[in-house]
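Visitor: Spelled out, the chains give:
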Amino acid sequence: MEKPENHATESETNAHKPDDESEQQSHNPTETPESESSSSELSLTQAMEAVDGFIQSLSSTDPLLEIPPSVEPFPETVDSLVSKMESSGLGRDETEDSAFILAVNRISKSVMTLRELRLDSTPVSSWLNRASSVQNRAASLLDEEFRHLLDRSREKKNKNHNNNAGDVSSDSSTHETDRCVLQEEDTFPDFPPESISTLKKIAGAMISAGYEAECCMSYEMSRRHAFKEELSEVGFEGINVEDVLRIPWESLEGEIANWISIVRRCSAVLFPGELSLCTAVFPDAAATRKRLFTGLVSAVTIRFLDFSGAVVLTKRSSEKLFKFLDMYETLRDLIPAVEQSDSDLIEEIKLAQTRLGEAAVTIFGELENSIKTDQGRTAVPSGAVHPLTRYTMNYLKYACEYKDTLDQVFQTEPEPETKPNQREDDEEYKVSAFARQMIKVMELLDANLEVKSRLYRDPALRSIFLMNNGRYILQKIKGSTEIRDLMGQAWTRKRSTELRQYHKSYQRETWGKVLQCMNQEGIQVNGKVSKPVLKERFKVFNTMFDEIHKTQSTWIVSDEQMQSELRVSIAALVIPAYRSFFGRYKQHIDSGRHSDKYVKYQPEDIETYIDDLFDGNPPSMARKRT
Amino acid sequence: MPATDFQGSFGRSLLTLRRDQVDSSHHHQPSTTMEVELDSFQRQVAEKFIDLNASAGENNLLSLDWISKLLDSFLCCQEEFRAIIFNHRSQISTPPMDRLLSDYFERSIKALDVCNAIRDGIEQIRQWQKLSDIVISALDSSHRPVGEGQLRRAKKALIDLAIGMLDEKDHSSTTNLSHRNRSFGRVKDNHHRSFGHFRSLSWSVSRSWSASKQLQALANNLTNPKPNDVAASNGLAVPVYTMTSVLLFVMWVLVAAIPCQDRGLQVNFFVPRHYQWAVPVMSLHDKIVEESKRRDRKNCCGLLKEIGRIEKSSRVMNELIDSIQFPLSEERESEVKQRVEELVEVHEGLKNGLDPFERKVREVFHRIVRSRTESLDSLC
Chain A
1 MEKPENHATE SETNAHKPDD ESEQQSHNPT ETPESESSSS ELSLTQAMEA VDGFIQSLSS
61 TDPLLEIPPS VEPFPETVDS LVSKMESSGL GRDETEDSAF ILAVNRISKS VMTLRELRLD
121 STPVSSWLNR ASSVQNRAAS LLDEEFRHLL DRSREKKNKN HNNNAGDVSS DSSTHETDRC
181 VLQEEDTFPD FPPESISTLK KIAGAMISAG YEAECCMSYE MSRRHAFKEE LSEVGFEGIN
241 VEDVLRIPWE SLEGEIANWI SIVRRCSAVL FPGELSLCTA VFPDAAATRK RLFTGLVSAV
301 TIRFLDFSGA VVLTKRSSEK LFKFLDMYET LRDLIPAVEQ SDSDLIEEIK LAQTRLGEAA
361 VTIFGELENS IKTDQGRTAV PSGAVHPLTR YTMNYLKYAC EYKDTLDQVF QTEPEPETKP
421 NQREDDEEYK VSAFARQMIK VMELLDANLE VKSRLYRDPA LRSIFLMNNG RYILQKIKGS
481 TEIRDLMGQA WTRKRSTELR QYHKSYQRET WGKVLQCMNQ EGIQVNGKVS KPVLKERFKV
541 FNTMFDEIHK TQSTWIVSDE QMQSELRVSI AALVIPAYRS FFGRYKQHID SGRHSDKYVK
601 YQPEDIETYI DDLFDGNPPS MARKRT
Chain B
1001 MPATDFQGSF GRSLLTLRRD QVDSSHHHQP STTMEVELDS FQRQVAEKFI DLNASAGENN
1061 LLSLDWISKL LDSFLCCQEE FRAIIFNHRS QISTPPMDRL LSDYFERSIK ALDVCNAIRD
1121 GIEQIRQWQK LSDIVISALD SSHRPVGEGQ LRRAKKALID LAIGMLDEKD HSSTTNLSHR
1181 NRSFGRVKDN HHRSFGHFRS LSWSVSRSWS ASKQLQALAN NLTNPKPNDV AASNGLAVPV
1241 YTMTSVLLFV MWVLVAAIPC QDRGLQVNFF VPRHYQWAVP VMSLHDKIVE ESKRRDRKNC
1301 CGLLKEIGRI EKSSRVMNEL IDSIQFPLSE ERESEVKQRV EELVEVHEGL KNGLDPFERK
1361 VREVFHRIVR SRTESLDSLC
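Residue numbers (our numbering), protein chains in the order written: chain A, 1 to 626; chain B, 1001 to 1380.
In isolation and in its complexed conformation, chain B is listed as follows (with noise of 0.2 Å):
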């Protein structure tokens, strides 16, 4: 499915969508429209939240398919965001929304570089993919038996995937190893591809950019509305703070799940409680946080729930192959094919899942160019 789907219906047509809107009630008094306008954004964000932190049990949380939902959720809260903006277009250019508007519009320019970042990481975890898919199909037991030749060439991919996983922190060492062994031309032991220089590759971002620099950027003095900006700009001034950190958080969320350059999580992040849906969005953020810290997860370089099961698995096969002596027994034999099912299990999910999870990304990117080129426009 291509990326322009989504436009297609929402361009222009907008326009036309919005002066019926705005034409059928006609007959109500403009300051009424407008709350009940305003109060269905907030109970929308809200709902949309609480589906979230529904959803989000132990084995749901931060995987691919949460994550998805998520920013479906995030493209119509935006979506509906816009339509208010155009609705109250005549207040925009005058204090104080030109200046929430123009911050707003800021904060979500730094998102399109994260989004970019996380591009890299997903292409990242594609090749993780590769090697798992090398694993699995080195260790097809349907025809058996597997023999030592196999086992080697997944021992390979294995050792390759645990490079590869390394927190960026600790890469640095095997990156230089590698390095140094290529410059010195043939090496005959060095066996392992050195995936660390496939990080070297993210150029998406320039090389001093950092994830948690641009997050705590984007959260910068983000503050409840002053009542006297919410007054004075007739209650605007609350969806602009609500979108912003809707924005904020998924933002967050996505640094938290995927690898990408410099990746912090130290983030400002408090909603306070009279908003209807801040209450499942600081669950899910406290859930979250909570998750980041266990000890298993406190050093792996995203919290994607599929990392983490290829990572338990690969890690499993790994040692399960270093114990192996020839020939195998017939224990041995089912309990390689039984490890062998688990990889396919979460090799499966994530070779459905990146590639439309990548687009989505993708349209949360064009979605906010194309929110901003419009409000670029209509200054023109």
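So that you can see chain A by itself, here it is in the shape it has in the complex (with noise of 0.2 Å):
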């Protein structure tokens, strides 16, 4: 039976009106179009002044001997509203509803107050039992009106749903977009606002009755009810902890996506959408209200939080840490939605996280670990950037995201002995648990390739593989705010000075010999330049260079930039050094014979041959001089 829609500008001039007996007055019956009921209302009206009359002269001393005539009828007056409320509903009228809930006050109160007294006298007895019987058969009315109400908006929600399902004639893919879209938008609970206005009153009616107790298992039965069809329509529905456990973290992923949309949605929606509906309902009895948004929200929560404690008990791996992190923050968000209720649930969340930070911390310890374990014996070839390098500092990268979930997480654990070190002075380092922790893996990663550069016998070499990994790193820290301000200032320029330092061994372990052999010192023999001498200083010098060329062309620097910053500056060494040297001493063998075994190369062959280094060739395509 659906309410009329034009009854909806009557109920919003009425929707305001106190439940005063007077403006009832006012409203004058004689108005309505039926002449039966006015007769009756009138009627009715003038016996409710009876009994509130009647109820004002009981005294608890005075022994009540009579009902005076005029309150004689009321229980059947009562009765016959019952019948017709029973018939045509609540609901559908509001003057009717008003009226209606009015007289049953009025009987449960002349009800309670006659229990109170004395009452020796029968007919006494006997209107009071007419009357408990009038009144236990409008509550039982009422209680069934306000579940039909409560219930019948959870239908109407279905069918719409339903309707649009039919219109979608697409694939199904497009039909489960449209249902979460309209999902989104839906306000929760659905109740139009006559509805609510009716289950307060109702409300308000059965607990003055003394029948808060129905009332309340009523409400509370239909909205779980709500709350059940609610999540199950997103796919939400009961799941075992062994399930949760059994399947494959690909297909558990996606489940937790969906438990996180959900909790989201409750905390933004439903729990809020469930307090006002509460607030709504039950104006004035703020302990009931607590103890039923409790009751719904726990037995909600409570489900969420069985989920993510299965979750926790699966294996520890890496790629499950930010999973994790997601779900702590979901939790984290879900707490103020249920602060109107029990702190047991409070804490119950708060454990929950706890199992989620403690989990995470172990996950991330397994970085640690890894690195820890990680002592091949086989170097990189070419010293190039070690894949521990390459892993290690995208996981950071991706965990910095979440640096402000991970500090939370990390200042709950207890902290090892930290080493004191020069850091403290960083005021973020101070700060931030989660901090201490990068900086603590990344401790591990460079002892780590510390150890591994001195697999490579070739010094040179070892200061290329530090140089690589070490400007992987700056350059991953550089590339995100949130890590460079982790890790501060001062850590960044000493990796920079570090940075340095490797290039200027590189270039003392290659080119050191390489610039000696063209040192002036020792050429000239007795005031002349001694041809073997500078014979043995070209061939020297040639050697030399085929070999680094060979060698070090094979050699990686990943990074384009430093690549050629290292080029240019061997460059800047050399050529200008044998650009001197050939310009000098060059004449002195050329008039010998066999003047090319001893002058390979032209200065700008030099800088042609420092192009090649570092590109990461094979040897075998080492470029032959032709």
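Hints in this document: simulated from the structure, not taken from any laboratory. Where hints are given, some of them may not hold.
Restraint-style ranges between C-beta atoms, simulated for each label pair [unchecked claim]:
#, chain 1, residue 1, chain 2, residue 2, range
1, A, G235, B, V1316, 44 to 50 Å
2, B, E1047, A, S343, 32 to 38 Å
3, B, S1283, A, E233, 26 to 32 Å
4, A, Q411, B, D1377, 40 to 46 Å
5, B, Q1216, A, S558, 37 to 43 Å
6, A, E498, B, E1079, 46 to 52 Å
7, B, T1032, A, E250, 37 to 43 Å
8, A, P618, B, N1221, 58 to 64 Å
9, B, S1040, A, A286, 17 to 23 Å
List of simulated lysine-lysine pairs, BS3-like, C-alpha gap at most 25 Å [stated by the list, open to error]:
#, chain 1, residue 1, chain 2, residue 2
10, A, K513, A, K478
11, A, K504, A, K550
12, A, K109, B, K1130
13, A, K200, B, K1130
14, B, K1312, A, K228
15, A, K109, B, K1155
16, B, K1130, B, K1312
Since the model is a prediction, treat every value here as computed from it, not as a measurement. Ideal placement from N, C-alpha and C gives every residue a C-beta, glycine not left out.
With the hints as a guide, dock the two chains, each given alone in a separate frame, to form the complex.
Guide: Listed below in structure tokens is the structure:
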């Protein structure tokens, strides 16, 4: 039975009418079209007045011997009202509803008051008996109507969904999207204001009649069903712990994503909506409200916590970290939505969060372990960036997106003994527990790389390896504001300095001796340029340079900028020296035989060959001199 | 008392606690310490169950109070077990302990689902509690006299209670009835709160989950450890078997007592007599099985003592009300008063005991989870 739409206007004018008897009177029943009801309403109003007077006159000391005649038929009057409302139902006519409710309140009041008294007279007892029967009948009807009204909105909503589903004729994926969109836009719960007003009236009447328990039970039942339907619509059913542990991570990830969106919806829409409904239906009963709200959100939330609890029981592995953190954050955001409920529930949520946090800490610790245990004895060929470096830095970069959450998580962990170090002056370091963890990981990585670098017998290659990895790390840090701020200025500067040192080391190792053979000292013997010495020098230079070229062309410097910097610095070092050496001494050899045996390289050639360095070319491709 | 109370003292402080203990027993020979430890565990379990058996009198067995005690005993044993495993964690990753422990954890995870299902059952009992509360306040005769209206109110609640307490299997017909009636829209004579569909609100576990199957899985292949395993594990196989048996027993009792989905008690439960705790545990087991076979409890939805009392009181009250004619004679009035008092007694017991009991079940859940995550973390 749908409420006729034209009553909307009437309810607007009546909506804010206080349930005051005098107001009721002014809204003269003779205005109503039905003459039959007008006569009964007239007597109803008068009867209620009489009852009011009667109740007021009752005292606890004077024994009541009889019921005044104006009051005598009241139970039957109300009884016929009940019958009438039974067939027409509440929520159709606001005036009717209010009249009915007022009548019920009156009868409840009279019953309750009379029961307080000593009753020795039979007519009074009999009246009381009739009155309490009618009251019970009325309360039962109210209960029915209450539930009906609560449930009807749910059914309407389902019908809407089904209609919309029918309209979408395309494939099922669009269907799903449409449904999701519809749900997102829905307000929850979806009650029209007239219904809420009626619900409120009924609840008030039931509570006044002493039937609060029934009212609450009906409310609770209906709302729980509503929640259950809401949740199963988005695919959240009861889930066993065992099942969660059985399914592979890829599938579980999907479940987790689903869980996250559902919990978020509860935080944002469902729980606040429920609180509003509760407040609207039970405006004057704060304790009842709290109890009902707590019961509802607890029942729902515990299911969520069951799931997160089960997820935490899965094996620890590094790819799970970010999903765990997502869940942690989702729970954290749920707490404000349940603030109006018992503290027990909030404790449970925090406990679930703690579990997730502990798991996150363990998983993050896995990172440390995987660094420590990465002790391969095979050096990365060509001194390139080690996979461990890439993995670690990418992991950390991603982790930094959860900087604040990880900070919360690590703050609750007991800290192992921290070494005092020069980082104490960095504010961020002191404040952020996560920053300290990050730095720990970086230090481990550094130490590991240090060990790996010693696998290279060639000290120059060692330097290149350290440069490559150091550069990669530095670029990753600089590339993200979060990490950069976390690591601090001092740390970044230190790393840059180290890079420069490696660079210098490299230059020294590789090019020191080369430069030495272009040294002017010792070339002149007895004031004259010694040809043998010169020949030897050129020969040595050629051999060295060939060797360097052959070997170091196979080395890799991945970072383009650094590669170019290296080449430029080498060129700046070698070419002027060679040019000057070449320029000065070439002529002494030119005149002799086989001059090209000794002067292999023009200064321009040097530049060309330097450009081959660090290209990572396989040895067979080393350019041969034609 | 929030569930975290128990947690706080045990968390990471276990590390320091055990470290101290191990240090202090330095001067003992390792094997002797271990023997003492394992023996002490057996003794502790035995003591707990002897105590439980002794207090399992006619009126106390399977009462909320007694089951709470059982859960307390479980928590104690579990804590002791956890300490033993921690003390000998160097051994737990090698065979046969790795296999045995992993088996224990698998079973303990099954127990988690039982705990969740039990929670739904507790929720159901709460609904009955609310209904009996209505009966009590309706028939409150401190404001004499009890009117016809109040009687009707009580009657309605009693019928709802009776429907609600029907065993699951008998329920489907009532559920269908109530669903059908509801879909007809406004029903004037369906005054009964169709609690059938309250059961459908249980969604802690999936629809296909079965308590009896879960118990069977928990008990599956639970056998006395082989002598090879005992020797190879330096005796650690024994506490694992003990703890598993205790776990199984506790879950079995919970399923027996509290309404849950597909409740069934057919489980092969047998412990060899040579264990100190075997006799009291088996004795309790037998007593409970006997209880389940009693005529008046055979088809009940849960063997919890309080459930039986409510059922009985409410049935008697129902019959009494049916027999009443107005006006009430003094005799009738005093009868009603008496029955109400009986109902109040049961009701009070439930009212005070149910919340703490639920928290305790929750604690068991948390403790099992904790021991699992600890072992997971220790693997890393």
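Visitor: Against each hint, give a clear statement of whether it holds in the structure.
Guide: Structure-based check of all given hints:
For G235/A and V1316/B, the Cβ-Cβ distance of about 47 Å falls inside the hinted range of 44 to 50 Å, so the restraint holds. In this structure the hint that E1047/B and S343/A lie 32 to 38 Å apart at CB holds, the actual value being about 36 Å. Here the CB-CB span from S1283/B to E233/A is close to 50 Å, at odds with the stated 26 to 32 Å. Checked against the hint of 40 to 46 Å, the C-beta distance between Q411/A and D1377/B comes to roughly 18 Å, which is inconsistent with it.
Judged by the Cβ atoms, the range 37 to 43 Å given for Q1216/B and S558/A is violated: they are separated by roughly 60 Å. For E498/A and E1079/B, the hinted distance range of 46 to 52 Å is satisfied, since their beta carbons lie about 51 Å from each other. Restraint check, T1032/B to E250/A: a C-beta distance of roughly 50 Å breaks the suggested window 37 to 43 Å. Look at P618/A against N1221/B: about 59 Å separates their beta carbons, and that is inside 58 to 64 Å.
Separation of S1040/B from A286/A is about 53 Å and departs from the stated range, judged on CB atoms against 17 to 23 Å. As the CA atoms of K513/A and K478/A are separated by approximately 36 Å, the hinted pair breaks the 25 Å bound. Taken as a hint, the K504/A and K550/A pair is honoured in the structure, with Cα atoms around 21 Å apart against an allowance of 25 Å. A threshold of 25 Å between alpha carbons decides the hint, and for K109/A with K1130/B the separation of about 24 Å falls inside it, so the pair holds.
At roughly 22 Å between alpha-carbon atoms, K200/A and K1130/B fall within 25 Å of each other, so this suggested pair holds. Between K1312/B and K228/A the alpha-carbon distance is near 33 Å, which puts this suggested pair outside the 25 Å criterion. Annotation: proposed proximity of K109/A to K1155/B holds, straight-line Cα distance about 22 Å (limit 25 Å). With a C-alpha separation of about 17 Å, the suggested pair K1130/B and K1312/B falls inside the 25 Å cut-off, and the hint holds.
Going down the numbered hints, you'll see the structure goes against 3, 4, 5, 7, 9, 10 and 14, while the others check out.
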